[in-house]
Each structure stands twice: as structure tokens, then as C-alpha cells.
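Go ahead and model the full structure; you've got the sequences and the hints to work with.
For the sequence shown, this note's numbering gives the first residue as 794, with consecutive numbering after it.
Please note that the accuracy of each hint is not assured.
[Claimed, not checked] Under the rule of at most 30 Å between Cα atoms (straight-line distance), these lysine-lysine pairs were calculated in the DSS-like manner:
{"no.": "1", "residue 1": "K900", "residue 2": "K918"}
{"no.": "2", "residue 1": "K840", "residue 2": "K911"}
{"no.": "3", "residue 1": "K911", "residue 2": "K900"}
{"no.": "4", "residue 1": "K840", "residue 2": "K918"}
[What the hints assert, rightly or not] Using C-beta positions, here's what the derived DEER-type ranges look like:
{"no.": "5", "residue 1": "V1026", "residue 2": "A875", "range": "24 to 34 Å"}
{"no.": "6", "residue 1": "R851", "residue 2": "A1043", "range": "30 to 40 Å"}
{"no.": "7", "residue 1": "S898", "residue 2": "S925", "range": "27 to 37 Å"}
{"no.": "8", "residue 1": "G1007", "residue 2": "A875", "range": "36 to 46 Å"}
Keep in mind the hints are simulated off the structure, nothing from the lab.
In this text, a Cβ means the ideal position worked out from N, Cα and C, and glycines have one as well.
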Amino acid sequence: MNSYGMDGRTGIISGGTSGIGLAAAALLTADGANVFLIGRSAERGSKAAAALRDAPGRAVYIQADLSSAAGCHAAAEAVRHAAGQIDFLVNSAGLYREQSIDNLSEKDYDEEMDTNVKSTIFLTKYCLAFFSSRQPAIVNIASDAALEGNYGCAVYAAAKGAVAAFTRAAALDLAPRIRVNCVCPGDVDTPLVARQLREGGYTREEMASVYPLGRIGRPEEIAHVICSVLSPVNGFMTGAVLPVDGGLTAK
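Listed below in C-alpha cells is the structure:
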């Protein structure tokens, strides 16, 4: 069992009801942290909280749509009312859509930018007032697409690039009070990637073939990096944008 020094700490994971967010919640609650999982689906949220109920830490689901500033404010207020203070925030809510630029609509653009960028910026904004003084930290989840071009997902790449840029700027604005870092995963074996494979018409083996390590990632591998970056032991890291992508962006 890993120990991240998060015992007794409280925080938020947006998009925490599945995939990387849920994997991070599992490691954090196993380490004794109390986690508020924020997501749209009440059914998925209830299942996620139930799956973590035997951990030393506590998991609580809060239903919210973070694609609007009002939704971010409501979620932050719900956590503030329940917990008083938080020690960490993981902005993991995201939307991926493969689409050529010539078929792009304004609605498509709004959905991807709001879910990926607006949620990150405004949930951060509304949580600032009730971060504790116990070495608080924020981790934003971007993508390898934030670091280099990729086929068929120009808006997604632009959105995740904005998340990476926001991380660097926020790290400067919030220092020395709050550390802010960004993790950029490659393809990871999550429900989002399973849907991407179905809709894209290619196989897991084809996806894996572009990675120097010869496979896509596992959610717990990305979650481990998130928890390590959140850890108070990592107190000198801020403004970092970290690829965790099986060597994809090293090529």
C-alpha cells in the first residue's frame, strides 16, 4: 500500500465517479483522505461512493454539472457547507470528442471548452476561499494532446492546452499559498477510451502500437502520479506540467 501523507485531509475530485478520477479517489481514501466526488450521473456517483465505502477515508458523491460557472459555484458551496475547508482539488472532469475541423459546430466547441476548461477554472475559483492552510494543492488533468498536435481532435487539444496554460498561470498567482500542477495522461484504459475505440473504428492494439511502452495506461498508474503530486511531501513542486504517457511525447 502506498502512503501519500493524505490521512485526515479532505478534498474534491471533479469527474471522480469513473476512470482516472475514481482511481485517484480509491488511492486517496485508502490513504485515509476524505473525498468529495463530483459528477453529473447520480447513478454512477452512488456506485462510486459505495465502491469506496470500506476504505479508511470517506467518499461522498455530489451531483453537479460543472460545464457552467453556476454549476461550479453550487458544487463548491455544497462541499464548503459539508466540510468547511478542503486541502486538495483534482480537476478531472473532461469531455473527449473526435471530430474534423470542417464538421465542427459552435455547440460542439462550447461543450468541449466548457467541460474541459470552464469547469477547471471556475471550480478552482469558487474553492479558493475555503482551502486550508495545511499545504493545499491543486492538480489539473490535461492530456498528451495539450503538449503536441493530434489527429481529429483539434478542439480537445486546444481545451487541454488551455488547462496546461491555466495551471502555469495559476501556480504563479496562488503561490506561495497553494501549489498548482498538471498531469497529462496518454490513452488510458477507461470508459472514455472504450467509447473512443467504439466510435473511432480502431482497435486497442492499434492504439497501443504508437506507444514506446507498447500499451496504453492503466487508471491506477495515472492516479498514483496525481496522489504523489498532491502529497505534502512534494511541497516544492508547483507550475509543473507532467506527461504520463508511456513515452508518447518523448518521440
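Hint check:
no., hint, in the structure
1, K900 to K918, "holds, 25 Å"
2, K840 to K911, "holds, 26 Å"
3, K911 to K900, "holds, 15 Å"
4, K840 to K918, "holds, 28 Å"
5, V1026 to A875: 24 to 34 Å, "holds, 27 Å"
6, R851 to A1043: 30 to 40 Å, "holds, 39 Å"
7, S898 to S925: 27 to 37 Å, "violated, 42 Å"
8, G1007 to A875: 36 to 46 Å, "holds, 44 Å"
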